[in-house]
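Trainee: All chains, full assembly: derive it from the sequences and hints.
Each chain is listed here by its residues.
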Amino acid sequence: DTAVSQTPKYLVTQMGNDKSIKCEQNLGHDTMYWYKQDSKKFLKIMFSYNNKELIINETVPNRFSPKSPDKAHLNLHINSLELGDSAVYFCASSLGQAQQETQYFGPGTRLLVL
Amino acid sequence: AQKVTQAQTEISVVEKEDVTLDCVYETRDTTYYLFWYKQPPSGELVFLIRRNSFDEQNEISGRYSWNFQKSTSSFNFTITASQVVDSAVYFCALSEAIYGQNFVFGPGTRLSVLP
Chain X
1 DTAVSQTPKY
11 LVTQMGNDKS
21 IKCEQNLGHD
31 TMYWYKQDSK
41 KFLKIMFSYN
51 NKELIINETV
61 PNRFSPKSPD
71 KAHLNLHINS
81 LELGDSAVYF
91 CASSLGQAQQ
101 ETQYFGPGTR
111 LLVL
Chain G
1 AQKVTQAQTE
11 ISVVEKEDVT
21 LDCVYETRDT
31 TYYLFWYKQP
41 PSGELVFLIR
51 RNSFDEQNEI
61 SGRYSWNFQK
71 STSSFNFTIT
81 ASQVVDSAVY
91 FCALSEAIYG
101 QNFVFGPGTR
111 LSVLP
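Note that the protein sequences, when read in sequence, are chains X and G.
Per this note's numbering, the first sequence starts with residue 1, numbered consecutively.
Per this note's numbering, the second sequence starts with residue 1, numbered consecutively.
Each hint should be verified, as a subset may be incorrect.
Stated by the list, open to error - If you want the ones that stay clear, here's a sample from chain G, every Cβ over 10 Å from chain X, calculated:
{"#": "1", "residue": "Lys-3"}
{"#": "2", "residue": "Ser-73"}
{"#": "3", "residue": "Ser-112"}
Said to hold, decoys possible - Derived list of chain G stretches under chain X, where covered just means 3 residues or more per stretch with a C-beta under 8 Å from a C-beta of chain X:
{"#": "4", "segment": "29-41"}
{"#": "5", "segment": "47-56"}
{"#": "6", "segment": "78-85"}
Think of the hints as simulated: they come from the structure by calculation, not from any bench.
What you are looking at is a predicted structure, and each value in this text was computed from that prediction instead of being measured.
No residue lacks a Cβ here, since even glycine has one placed at the ideal position from N, Cα and C.
Mentor: Right under this line is the structure:
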């Protein structure tokens with residue numbers, strides 16, 4: 001059973017397109033996250049949602065819009081894709097938003113913008 | 001200032017050698033949590049350990065051990081008798097703030113274990 005799943009695993013698209021990445025967790029967790037991992041492997045949080053409400057919104061272009069239809073899903077929509085958006089995007093979840101909660105990560109979505 | 005420093009960008013060892021990955025953190029909170037994650041070549045992020053700031057006991061799990069020292073703000077990770085399957089990028093992370101959890105990851109250390 002996959003705990004945190006993401007689709008698609010790979011995404012190759014042209015500059016200027018709009019794309020979405022889906023994330024689902026079956027752990028019963030209340031909090032979900034999106035991270036971006038750049039080509040140097042640096043991981044940075046983008047968004048955090050707790051029970052469908054936005055908790056953290058780091059400095060991310062407003063072309064990126066997360067949507068949480070329910071607490072088991074957190075999708076990431078990206079408008080007007082740019083070359084610099086090429087990265088691996090990880091979804092994660094934790095039981096709650098408290099600092100001690102371990103985050104469990106999905107397998108990642110490798111986005112390549114041409 | 002970087003909150004989590006992993007000064008070793010890349011390490012190469014030969015199988016069966018012991019290797020220690022360093023992690024130094026910076027926080028003004030008295031309560032915080034430290035984590036280690038492994039990212040193998042397949043790309044997923046695998047949780048290894050969580051340690052709270054009040055528990056300075058060293059932890060051992062099989063060939064893995066962790067040394068937490070508040071006096072030096074370090075949370076180092078040692079792999080004993082390394083194996084090729086240990087080859088991965090290892091991330092140390094810090095979680096501070098009481099609410100609105102915000103993980104800060106270190107830059108990672110790429111470990112290559114050669115046969």
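Trainee: Of the hints given before, which are not true for this structure?
Mentor: Hint check: 6 fails alone, others pass.
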